[in-house]
Amino acid sequence: MNKEIPRIGVYVCHCGMNIAPRVDVEQVAEFASRLDHVVVARDYKFMCSNPGQELIVEDIKAHNLNRVVVASCSPRMHEATFRKACRKAGLSPYNFQMANIREQASWVTDDSRLATAKAKDLVAAAVGRVAFHRPLQTRRVEVNKSVLVIGGGIAGIQAAISAADAGYKVYLVEREPSIGGHMAKFDKTFPTLDCAACIMTPKMVIAGQHENIELLTYSEVVGLEGFVGNYKARILKKPRYVDEDKCTGCGTCMEKCPTRRVPSGFEEGLAFRPAIYSPFPQAVPKTPVIDAEHCRLLAKNKRCGVCAKFCEADAIDFDQKPQYLDLTVGAVIVATGFAAFDPSSMVQYGYGIYPEVYTSLQFERLNNATGPTAGQIVMKNGQVPRKVAIIHCVGSRDRNHLPYCSRVCCMYSLKFAHLVREKTGAEVWSFYIDMRSPGKLYEEFYNRVQAEGVHAVRGKVAMVTDIVDDPGRGSLTVVAENTLTGRNLRLPVDMVILSVGLQPAEGAGEVARMAGISADGDGWFTELHAKLAPVNTPTAGIFLAGCCQGPKDIPDTVAQAMAAAGQATALLAAGTVETRAEISSIDPDICSGCKSCLQVCPYNAIYFDEGRQVAVVNDALCQGCGSCSATCPSSAAAVAQFNDSQVMAEIDAILA
Amino acid sequence: MEASFEPKIIALVCNWCTYTAADLAGTSRLKYPANVRLVRLMCTGMIDVKYVIKALLDGADGVFIGGCHPGDCHYINGNLKARKRIQGVGSILESFGFEPQRLALRWIGASEGPEFAHHMTEFVNTIMQLGPNPSKARMIL
Amino acid sequence: METFLKNPKGAHEAVRDLLKGLLENKLADAVLVAARTPYSQLPMPMLIADGQHLEKAVPLLPVAPFNAARQAEALLRQDAGRKLALVLRPCEIRALVELVKLNQCSLDQALVIGLECYGRMENHDFLDKYASGEGEPAASRIDEQLLCTACRTCTRCVPETADLTLATFAGGLEKGIWLQAKTEAGEQVCKDLELGHKDMDPGHRQAVEELKAGRGQADRELVEAMARAMASMEDFQKIIADCINCYNCRRACPVCYCKTCVFVTDVFQHPPEMIFRRAEKRGAVKLPTDTTMYHLTRLAHISHACVGCGHCTSVCPAGIPVADFFKTVARKTQELFDYIPGRDLDEPIPLLVFDENEK
Numbered sequence: 000m001n002k003e004i005p006r007i008g009v010y011v012c013h014c015g016m017n018i019a020p021r022v023d024v025e026q027v028a029e030f031a032s033r034l035d036h037v038v039v040a041r042d043y044k045f046m047c048s049n050p051g052q053e054l055i056v057e058d059i060k061a062h063n064l065n066r067v068v069v070a071s072c073s074p075r076m077h078e079a080t081f082r083k084a085c086r087k088a089g090l091s092p093y094n095f096q097m098a099n100i101r102e103q104a105s106w107v108t109d110d111s112r113l114a115t116a117k118a119k120d121l122v123a124a125a126v127g128r129v130a131f132h133r134p135l136q137t138r139r140v141e142v143n144k145s146v147l148v149i150g151g152g153i154a155g156i157q158a159a160i161s162a163a164d165a166g167y168k169v170y171l172v173e174r175e176p177s178i179g180g181h182m183a184k185f186d187k188t189f190p191t192l193d194c195a196a197c198i199m200t201p202k203m204v205i206a207g208q209h210e211n212i213e214l215l216t217y218s219e220v221v222g223l224e225g226f227v228g229n230y231k232a233r234i235l236k237k238p239r240y241v242d243e244d245k246c247t248g249c250g251t252c253m254e255k256c257p258t259r260r261v262p263s264g265f266e267e268g269l270a271f272r273p274a275i276y277s278p279f280p281q282a283v284p285k286t287p288v289i290d291a292e293h294c295r296l297l298a299k300n301k302r303c304g305v306c307a308k309f310c311e312a313d314a315i316d317f318d319q320k321p322q323y324l325d326l327t328v329g330a331v332i333v334a335t336g337f338a339a340f341d342p343s344s345m346v347q348y349g350y351g352i353y354p355e356v357y358t359s360l361q362f363e364r365l366n367n368a369t370g371p372t373a374g375q376i377v378m379k380n381g382q383v384p385r386k387v388a389i390i391h392c393v394g395s396r397d398r399n400h401l402p403y404c405s406r407v408c409c410m411y412s413l414k415f416a417h418l419v420r421e422k423t424g425a426e427v428w429s430f431y432i433d434m435r436s437p438g439k440l441y442e443e444f445y446n447r448v449q450a451e452g453v454h455a456v457r458g459k460v461a462m463v464t465d466i467v468d469d470p471g472r473g474s475l476t477v478v479a480e481n482t483l484t485g486r487n488l489r490l491p492v493d494m495v496i497l498s499v500g501l502q503p504a505e506g507a508g509e510v511a512r513m514a515g516i517s518a519d520g521d522g523w524f525t526e527l528h529a530k531l532a533p534v535n536t537p538t539a540g541i542f543l544a545g546c547c548q549g550p551k552d553i554p555d556t557v558a559q560a561m562a563a564a565g566q567a568t569a570l571l572a573a574g575t576v577e578t579r580a581e582i583s584s585i586d587p588d589i590c591s592g593c594k595s596c597l598q599v600c601p602y603n604a605i606y607f608d609e610g611r612q613v614a615v616v617n618d619a620l621c622q623g624c625g626s627c628s629a630t631c632p633s634s635a636a637a638v639a640q641f642n643d644s645q646v647m648a649e650i651d652a653i654l655a
Numbered sequence: 000m001e002a003s004f005e006p007k008i009i010a011l012v013c014n015w016c017t018y019t020a021a022d023l024a025g026t027s028r029l030k031y032p033a034n035v036r037l038v039r040l041m042c043t044g045m046i047d048v049k050y051v052i053k054a055l056l057d058g059a060d061g062v063f064i065g066g067c068h069p070g071d072c073h074y075i076n077g078n079l080k081a082r083k084r085i086q087g088v089g090s091i092l093e094s095f096g097f098e099p100q101r102l103a104l105r106w107i108g109a110s111e112g113p114e115f116a117h118h119m120t121e122f123v124n125t126i127m128q129l130g131p132n133p134s135k136a137r138m139i140l
Numbered sequence: 000m001e002t003f004l005k006n007p008k009g010a011h012e013a014v015r016d017l018l019k020g021l022l023e024n025k026l027a028d029a030v031l032v033a034a035r036t037p038y039s040q041l042p043m044p045m046l047i048a049d050g051q052h053l054e055k056a057v058p059l060l061p062v063a064p065f066n067a068a069r070q071a072e073a074l075l076r077q078d079a080g081r082k083l084a085l086v087l088r089p090c091e092i093r094a095l096v097e098l099v100k101l102n103q104c105s106l107d108q109a110l111v112i113g114l115e116c117y118g119r120m121e122n123h124d125f126l127d128k129y130a131s132g133e134g135e136p137a138a139s140r141i142d143e144q145l146l147c148t149a150c151r152t153c154t155r156c157v158p159e160t161a162d163l164t165l166a167t168f169a170g171g172l173e174k175g176i177w178l179q180a181k182t183e184a185g186e187q188v189c190k191d192l193e194l195g196h197k198d199m200d201p202g203h204r205q206a207v208e209e210l211k212a213g214r215g216q217a218d219r220e221l222v223e224a225m226a227r228a229m230a231s232m233e234d235f236q237k238i239i240a241d242c243i244n245c246y247n248c249r250r251a252c253p254v255c256y257c258k259t260c261v262f263v264t265d266v267f268q269h270p271p272e273m274i275f276r277r278a279e280k281r282g283a284v285k286l287p288t289d290t291t292m293y294h295l296t297r298l299a300h301i302s303h304a305c306v307g308c309g310h311c312t313s314v315c316p317a318g319i320p321v322a323d324f325f326k327t328v329a330r331k332t333q334e335l336f337d338y339i340p341g342r343d344l345d346e347p348i349p350l351l352v353f354d355e356n357e358k
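Chains as they are written, first to last, in numbering that gives the first Met the number 0: chain A, 0 to 655; chain B, 0 to 140; chain C, 0 to 358.
Chain A on its own, in the form it takes in the complex (with noise of 0.2 Å):
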């Protein structure tokens, strides 16, 4: 039992307007004035400012109060404010406790009256616990001084040379081959209509000399584990067949390769690739990997090894194996990207039916100078389009696909219709459900597109067939209703590019898993506050950069990535971490040594003591999940802060 007489003082928060006219602030003050060891009680118009705090802090030394209660919004948003409030004061901050009547009363109940009951009751419960609660111990460990980059598009690339630039260490691993993700596709980037390539290169050249960061391409982040500050990662490096440090990128093996014919995803089909590969022509590193797939010798065990035979550097090797790397890590960007919507599922448009139906990726690749047609804008029999239309949210917006809006298409289809204007003069109609242009510039390009003559056309397409009423004016028609002017329209084209929407990296679910964030209902990972931290996650020391948060620009990429990186070496410069105090303990009076905590800890973190013939938690390990506590019949086991006086306190008072 408690032998110091808990001395509490309850502040309950006006927020402005945002919980005083709903709740009867004042009298869930007089309530709480009435409880159990409540010494002091008040009500006040921000607790959350300085002067909010400062009374807080005074009220401490004033009335020797040992424990505090704030009546306010969600301990998600403000409990480090007040307990930093208590601490100030020389009183423990977890001596504190919160009732959060805003997002909880306040703001879901019309009800004053019923909003009033509720307050009363979460500040009762409140009070109830904090009266359970003790000062808890902390310590300071060392955050090891390098950072995890899982995805090595433009976002990832950005946060490693942000991070190493700042002096540490990167790993930024990258399942293909190159990294460059997705941006190194593109030719032609939008509002400005500057060369993709131009920027994108050079970041990726940095990123592969720079002292400070080591690439792992090819490879993937098969295991994550530990803590803030000490992440222990294991990477599985897939054999390239390649040696790195003995390549010299001169490219003879591809061009010997006698295995011609492999599609290239690169080129997203339009292509082909030999079996030893670089997938495009400015792949840092350089080395080429052998798709043991289509390998002669590897997949079909034929006597091949040209590869082999022409390499001057000695470089081939085919025995190599996969290998494992176990990493430390201080910090961990997560930038997986996202994946490109299939259309092949919404069968209306055709695609993988017409050849002249393309995805807005392919014609990233047929309007790059490095592309299958070196940037020609070409249909597949070599000539130019007369007329071409392009779908805008094709699979976002869609109940049945992408509920979302994908936030880039509007503006990569009106920089694909420039380029279709621009490059072969074909007239252009553009069908889209609204045209969403928010962004510095981009209202503007929207304009200057129209003004290029561009056809838009607001409806949705119903279809697109290849029944033509004159084959000589196109080998498509596309069937839209034009909800402007509620007039339908069969329109015949040469050539129809698709605006998919964008969709969460394949294998994203898995990374979510391994670091333990969450994500939405869509897939996209959720941050730790949609306003306030943008870029962090509910777990300590992982980070979020680029579009696995949500579909978004470069722009915003690089922004977020530069964001990421901040935090990650703002956290590394810090040098140290204090370990969570809301940790499991088991005490070794009570414990009876069943070791049934051992079979339920998802961390490893309790270990068996065969001496005392008790079980013991490693406090370094431990998450304080409580599987431990939850299933210790004596309860031996308890998640400080959530102990069982504590969690029975709080249904007490709301019950009593």
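Treat the hints loosely; a few may be bogus.
As the list claims (entries may be wrong) - No more than 25 Å apart at the CA atoms, straight line, and that leaves these computed lysine-lysine pairs for BS3-like:
1) C/Lys237 with B/Lys135
2) B/Lys135 with C/Lys280
3) C/Lys258 with A/Lys594
What the hints assert, rightly or not - Listed next, the stretches of chain A that the computed footprint assigns to chain C, with coverage defined by at least 3 CB atoms under 8 Å from CB atoms of chain C:
4) 584-596
5) 627-633
6) 646-654
Calculated from the structure, these hints are not laboratory results.
Even for Gly, the Cβ is constructed at its ideal location relative to N, Cα and C.
Starting from the known structure of chain A, fit chains B and C onto it as the hints suggest.
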């Protein structure tokens, strides 16, 4: 009596998913019945059967447990342990006349503010139909 | 293998011969068996190291003041460098198996001799009836109505995981007792003692089935009646109304293994204002508090492991049929988790295993 019945619900929710969803419901100003009292825990996996038993014996008209969807648990699998425990204690409480509907376990992800509000409304409606906790206000409990 | 241990003085003497053989042949350093002290007719679990004292062993008597699993556990907690033979009833073996799963002890140094169990009487009934020792039923079956409720309704009266089984139900108890080897260790013992094989009495199986059938009927009736009697909290309050929170039931329970029960820890030492508050809210509160909480929590903690021995009822000073409501609830819990306590050492404890695909 029935008309003025204002049930009291104890909701034991995990910090990472359902509590966050409740915050989101709040910031989105979604309205739901005011009968629910949230008790924030770090994970549904830390819910001791005693909390459920105590809440019902102390007169809660319903106990709602909200955690992360399977596979999304911040602590890998705390929600799966919770599911099994709650199943066990639910079956025991049923033997003593507590209707199984008084104890609900739902997965509500961090971004599912509307789902949170929906589940609260639905659960309160269920409890309204069941009526007050039969063990309410027994001095001997 | 199976054999008939002959002794003209009857089954008990035959069992003593067997145990003596184990000690003399160093197959066991000591034997844990129910035996009489010089001071009472009631047998107690006795650790016998010297074969001479085996004359007091009466494992087949229809009485048992303990579920001896806890005594067995105390001897098997850690390797004492000695081999122990234990003569146990089926419910005691089941409890012991549960305790092994909970890392409370190990069977590495144990030779488990189970007996087919006709059941036990309550201590006072036994003493009242056989105070003088005259007319004692020795080993044979007695009228079911004399048995305690738990035994009268017990269908798991045949050992499931013993090394050796004393097949009481095969009869012939006036001339000895049937012995079955059920494990390799059991077979080895028979070999070492040079016991010759003899085919089991063909009536054995039928005797087992008949007994189980009768008990099964009684069991169903009991559980049904109990389920009705406790169908609401109000009804259950009537059942436990006289409970004085003495916690005898958990002390007697062989699977309630906690060194310190949570109900005697700080968690339930409420600050007085909390109790006052409760009284103020409801007008009055019964003391000590948490009586219902205790019984329900104990059900939640161990009903999956309840072996149905009935000792909780036997020790209750208030005459509360603890075992009856435990059995009724445990039936559902064990069905829910598809778990049978004590059936198999390798069967995982249900609350410690889970996966995504469970419903």
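Okay, the hints, checked on the actual structure:
no. : hint                   : result
1   : C/Lys237 with B/Lys135 : holds, 16 Å
2   : B/Lys135 with C/Lys280 : holds, 11 Å
3   : C/Lys258 with A/Lys594 : holds, 13 Å
4   : 584-596                : holds (count 8)
5   : 627-633                : holds (count 3)
6   : 646-654                : holds (count 3)
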